[in-house]
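K.L.:
Residues per chain, in single letters:
Protein chains: 2
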Amino acid sequence: MQKNIVLASTSTLYGQDYLAYLSPVVQALFAGVNEIIFIPFARPGGISHDDYTKRAADFFAQHNIAVKGLHTFASPLEAIQQAKGFFTGGGNTFLLVKQLHELGLMGALKAAVENGTAYLGTSAGSNIGGINMQTTNDMPIVYPPSFETMGLVPFNLNPHYLDPLPGLQHMGETRETRIAEFHTQNAIPVVGLREGSWIRVRNEVITLEGTHTARIFEQGKVPYELNVQEKIVF
Amino acid sequence: MQKNIVLASTSTLYGQDYLAYLSPVVQALFAGVNEIIFIPFARPGGISHDDYTKRAADFFAQHNIAVKGLHTFASPLEAIQQAKGFFTGGGNTFLLVKQLHELGLMGALKAAVENGTAYLGTSAGSNIGGINMQTTNDMPIVYPPSFETMGLVPFNLNPHYLDPLPGLQHMGETRETRIAEFHTQNAIPVVGLREGSWIRVRNEVITLEGTHTARIFEQGKVPYELNVQEKIVF
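Chains as they are written, first to last, in this note's numbering: chain A, 1 to 234; chain B, 1001 to 1234.
These are calculated hints, taken from the structure and not from any lab test. Beta carbons are placed, not taken as given, at the ideal position from N, Cα and C, and that holds for glycine. Only true hints are included.
Below, in silico cross-link-like pairs of lysine to any residue (SDA-like), each with a Cα-Cα straight-line distance of 25 Å or less:
#	chain 1	residue 1	chain 2	residue 2
1	A	Lys98	B	Pro1189
2	B	Lys1221	A	Val142
3	B	Lys1054	A	Ala180
For each label pair, taking beta carbons as the anchor points, the in silico distance ranges come out as:
#	chain 1	residue 1	chain 2	residue 2	range
4	A	Asp50	B	Gly1104	43 to 53 Å
5	A	Pro154	B	Lys1068	38 to 48 Å
6	A	Glu35	B	Leu1165	35 to 45 Å
7	A	Gln219	B	Pro1145	16 to 26 Å
8	B	Leu1165	A	Asn227	23 to 33 Å
9	A	Val205	B	Ser1023	54 to 64 Å
10	A	Glu230	B	Pro1166	31 to 41 Å
11	A	Asn115	B	Asp1058	52 to 62 Å
12	B	Thr1072	A	Thr177	21 to 31 Å
13	B	Ala1061	A	Asn227	45 to 55 Å
Chain B stretches covered by chain A per the calculated footprint, using a threshold of three residues with CB under 8 Å from any CB of chain A:
#	segment
14	1037–1051
15	1127–1137
16	1159–1170
17	1184–1193
Using the sequences and the accompanying hints, generate a full structural model.
P.N.:
Structure follows, in structure tokens:
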């Protein structure tokens, strides 16, 4: 089966509606699919699983795609195995990863997506497409049993990638410094994905899409920019 | 014995030398102490333990205090038990906490400081003075065996606390949003400590010191400001 994946930096662009900028992408990704499973575990701002699922369902209704929350199934494992498509929303990556591991679902989700079930991730939902969650920006509000994630792509993501703000006198680390610190401990390449861009996987071909170049970090190399529509190869 | 602790938001203020603004504080904290142990494990930017220790030693030489790196002792446990004072520098909190737990030193350090050995922390070194490290800003570049820290104070810290930047169109969470998410999962109060401020513990009295009010987050309450020189009581 062909891999069919979108990993987006953010769900929402400034001043726009939820997922609006991804409408054409969603249409192509989920062509022929009339029902998907939404994974609400990252719960941004502590929103309930039901309310978060409704937010996703409202958007997908425009595309005539029904949405069911993974939390509503008696057997989430079977639900994943039988799903026609997935959307994992953003929020807190630690919360999302803890829940997926504790429910024993990370492996099943990976298997389903690698077998061709379409997958959309935004923010935290994109982080779990990487090898591990160790380049998330999120606060460790819970302790997951492992930082390992699905490894749908052979690298890690840093969603909401932010360039250093000129003139800022704050002494906290820049995003680039943080990723350089990651590379003192890990050899995994990192794609810094700016808001408005996403990663597209079709079969084994991985490309950068959207409106911004991505910043690529490889251990031992000077970070560099990758252009939109270029392949991501390490 | 009296507790004698300083937990600072940052080591360095913009445009100033390392630790310079803390000189008077260091003099009072380490009065009568001529040698301290430096804990270099947070390694900002991947600096070596030796180089990081030298940076600290260069500052403390001005105060006629000798500095030895904890990494240089054959038995770091004994070194902690016999120390006259401690300084834990900033960097990556995950790295620091992993190392302290794996070497079995977190409990010994807590015991020594609670028995009256003077302790200075900056940034990551302040985070470990809280109940756990779950309100750090750092990237999870390694997986610590636990997020628990020393609990020298009955709350958590958020060093380098940053107010929302007006006009920013970036959709990543603000610091306040992140801490609110922490409180969907945890009841521990959080002190958002701006750069230039520090927490002073003398015996059982905990006060805010420095140049900025602190932002206080309690579960179920609207966040509020605490003035300099006020006691921190929960």
